[in-house]
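Trainee: If you want the building blocks of each chain, they are given just below.
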Amino acid sequence: MNLHNNIDKVFETINKMNGKSSDIVTRIIEKKNYRVGYIFLESVSSDDKISDFLNKAITNLDRKKLFESLYNQVKNSIYNSNMKSVETYEDLFYYLASGFTAVIVDDSNKAIIIETRESLDRGVVESTSETIIRGPKDSFTENHNKNLGLIRKRIKDPNLWYEDVKVGLRTKTKVTVAYIKDIVPSFKIEKILDELKKIDIDGILDSGYIRDLIEKNQKSVFPKIISTERPDHACNSLLNGKIVILVENSPFVLILPAVLSDFIHSPEDYYQKSFNISFSRIIRVICFFLALITPALYIALMTFNHEIIPDQLLISLATQRDGVPFPSAIEVLLFVLTFEVLREADIHSPSFSGSAMNVVGALILGDAAVAAGIVSPIVIIVVALTSICELVFYDVDIIDAVREWRLIFILASTFMGIVGFLVAFIVFIAKLSSLECLGTPYLTPFSPLNIRSLKDSLIKVSTKNLKNRPTYLTKNVKRMGDRNEENNN
Amino acid sequence: MKKIIISFGLLLCLTGCWNYKELNDYSIVTGIAVDKKDDEYEVSALISNAPKSSKDNSDSSQAQIVVYSGCGNSLFEALKNIGLISPKELYIGSFSVLVLSEDIAKDGLDNVIDLFVRYTSARNNFYVAIAHETKAKDTLKIVTPLASFPSQNISDNLKYTTDLQGAISSVSFNDLLSILLRDGIEPVISTISVIGDPSLGESKENLESSEPKSYIKLGNLALFKGDKLVDFSTHNESLGINIINNKVSEMYLTLDYENGYVVVDTNAFKSDIKTSIKNDKPIVDIKVNGEARIIEIKGDIDIEDSKVIEDLQKKANNKIKSFINEAINLAIKNKSDIFGFGLRFYQNHPKYFEKVKDDWNKNLDKIKINIDSNLIFKTKVSSKNSLEEIHEQKEDY
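Line order of the protein sequences matches chains S and H. Taking our numbering, the leading residue of the first sequence gets 1, the next gets one more, and so forth. Taking our numbering, the leading residue of the second sequence gets 1, the next gets one more, and so forth.
Any given hint could turn out to be false.
[Said to hold, decoys possible] Below 30 Å or equal to it, Euclidean Cα-Cα: the simulated DSS-like pairs (lysine-lysine) are: (1) H:Lys-2 x S:Lys-198; (2) H:Lys-3 x S:Lys-431; (3) H:Lys-2 x S:Lys-431; (4) H:Lys-2 x S:Lys-191.
No wet-lab data here; the hints were simulated from the structure.
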């Protein structure tokens with residue numbers, strides 16, 4: 001709907017649209033021969049800025065060309081804020097809700113909007129979900145502009161492009177797709193923008209919504225999009241030829257496409273010695289498999305394939321299990337479940353009850369359960385090992401995925417022992433191989449084998465030898481040595 | 001997709017938990033002994049996972065053990081009869097030692113071994129030992145403070161002393177089987193015996209005393225012909241057998257020299273056997289190589305003198321040759337080719353062996369055997385001469 005050309009009517013319409021919400025402020029300033037009206041939402045706007053610009057802007061306007069002179073006045077006197085003219089109520093309200101102040105005059109179907117946004121967020125603080133020992137400590141915040149800035153200040157290349165899409169019928173959330181123009185193939189950008197534009201939902205409150213909505217076409221518990229809080233991680237991904245999606249009001253940005261080996265990497269990997277990092281990564285891979293299969297393997301060995309267990313261990317296991325009333329599978333499931341409950345409770349409990357949780361978890365569930373003869377000590381070890389192993393991953397999505405597959409493994413080996421375990425493993429590998437994101441198979445660079453990209457996958461060669469970007473992401477692979485070549489020529 | 005998941009789930013249910021068995025539903029057998037009682041087999045099973053009584057929780061290092069015996073006309077019947085006593089199913093999948101009494105061994109191994117070849121869940125890497133001058137059952141009962149259960153004691157002893165003592169060699173079931181199934185080689189099996197009163201060895205006191213009243217000792221080798229026990233070797237003969245069979249890596253030799261003696265410890269010991277045929281007569285060349293170092297000296301022996309070393313070296317090599325000769329004489333006496341000379345002829349000269357195969361064991365004495373021993377002394381020792389000598393020199397001042 002277009003704006004009316006009368007201040008009173010505009011005010012009336014806005015109030016009607018919004019049901020006279022208490023945070024709408026409408027005011028008319030009477031001058032000698034003209035009136036100036038202004039509207040803002042006091043909940044999202046800063047009073048200081050409003051009075052400041054009004055003082056400057058609305059004196060000595062030309063009565064005959066009221067709107068044009070107002071526009072010029074504002075343009076010339078207020079230089080530190082965004083300003084724009086809008087013509088419809090929908091646009092007007094979007095800007096009002098974003099913290100703009102609208103200035104209107106009679107006899108014009110346009111309104112001038114000036115940014116008077118109140119900063120409604122915390123500052124840039126240390127990341128809480130992805131802690132590292134060495135490296136930049138800042139993290140993304142809920143403020144969209146700050147987030148964009150955190151990336152821009154790291155990559156000063158004009159080829160770093162931001163493209164905005166407004167998603168959400170009611171929330172009208174700004175979603176920015178960031179990429180480096182000459183690295184990322186354009187078809188990927190088009191595909192993502194297409195997907196984003198197709199989203200038809202009333203509200204987007206966090207980047208998690210976007211991730212789910214654009215990942216929908218393939219069902220899998222394994223994450224194909226990384227979400228991170230760390231600007232350095234996002235920038236590293238951008239430089240490697242990935243695409244970053246920033247969502248307004250969300251401190252977590254999305255990085256895509258992700259492959260499985262990305263989840264055994266940590267942003268910190270690039271700040272430490274490569275040899276040590278290779279070691280850490282191998283440990284993480286071992287942990288990945290341990291977390292996945294330990295309970296299942298335990299059940300298979302304990303209930304079907306005793307002959308695999310060495311003699312000494314066999315006796316020890318048998319004596320430990322003596323007197324436990326439940327089958328091994330129930331025992332393991334019981335304790336896996338208990339640990340999941342503990343974890344769930346830990347996430348949602350305020351920090352002051354944490355120590356109580358520790359006592360309950362460690363003492364009562366561990367020690368007492370063994371003493372009471374509900375579980376055998378080895379099961380506690382198995383579950384503890386599994387749980388510790390899954391905690392080496394910084395990404396919560398991969399932990400969840402491992403958790404779910406672990407259950408499948410447990411069920412398969414409960415019914416069929418080692419055979420079932422192997423069947424489940426084949427299904428697992430088949431499933432992983434079938435996944436892809438933006439045309440990148442999930443198991444790259446291992447399958448399909450990409451030898452050049454193996455340099456930074458399971459192991460990491462030293463940074464000076466890491467001369468190329470992953471070839472599965474981009475054709476513009478050279479990331480080191482260009483300048484030297486130019487000089488030589 | 002849904003259909004696949006559902007059918008997969010149903011398939012899982014159809015398995016009916018094939019072969020499902022909890023570990024603690026078993027009585028785990030870690031050692032088996034076979035004796036002869038009247039005309040029946042008496043099979044004893046050492047069960048090592050008996051639950052501990054609550055009082056004993058403090059010493060968790062020792063597992064509670066039980067030995068059950070059952071009799072029967074066949075081994076399997078005897079085993080099943082143990083099942084009548086044991087509250088849980090016997091698990092014979094991973095026992096570590098099979099002890100056979102002399103009677104059983106004299107009757108022939110084939111009858112006993114057959115069961116374990118056919119029994120699918122049994123692993124084939126357990127050790128086989130002959131109980132010498134004692135009931136096989138008793139060897140499983142002797143508890144020792146140094147091992148969790150008797151069978152572990154026996155199997156560990158066999159496993160680790162084989163490398164350290166020249167006269168001992170262990171035989172696993174797999175080795176035994178492959179020897180029994182081949183022509184031209186006969187088995188030797190190590191013996192174990194109980195020292196002290198066996199009835200004292202099974203009590204808890206034996207565990208708690210610092211000098212156990214009863215214990216198990218590894219003995220010399222038992223010689224077989226075909227599958228039947230024929231003789232036991234002496235210490236020297238055992239050494240000879242093991243040297244020829246290349247089963248010695250470390251051994252000691254005591255060499256008398258003038259009025260004292262020198263003890264040498266050997267390592268990198270290796271024997272090499274070559275077979276050939278000359279004028280239709282079989283020839284075997286045994287070549288022994290090794291290094292030795294002096295570890296003990298008594299008496300006035302100047303080992304800095306290269307002539308003395310040469311003398312000692314000669315003595316050592318003669319001693320090794322005499323061990324080998326003794327072993328060969330024992331084999332000839334018993335008409336049993338325990339060294340597998342026949343097998344080597346079969347491998348290298350199959351046509352020749354085919355001709356003489358039937359009378360091979362009888363004609364062992366007709367083989368010309370050349371023995372060459374080449375033990376080299378490494379005189380890198382910390383003290384060159386014996387302490388005694390040094391003391392004497394001091395007194396002279």
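Trainee: Now look at each hint and say whether the structure bears it out.
Mentor: So, going through the hints one by one against the coordinates:
no.: 1; hint: H:Lys-2 x S:Lys-198; in the structure: holds (27 Å)
no.: 2; hint: H:Lys-3 x S:Lys-431; in the structure: holds (16 Å)
no.: 3; hint: H:Lys-2 x S:Lys-431; in the structure: holds (15 Å)
no.: 4; hint: H:Lys-2 x S:Lys-191; in the structure: holds (29 Å)
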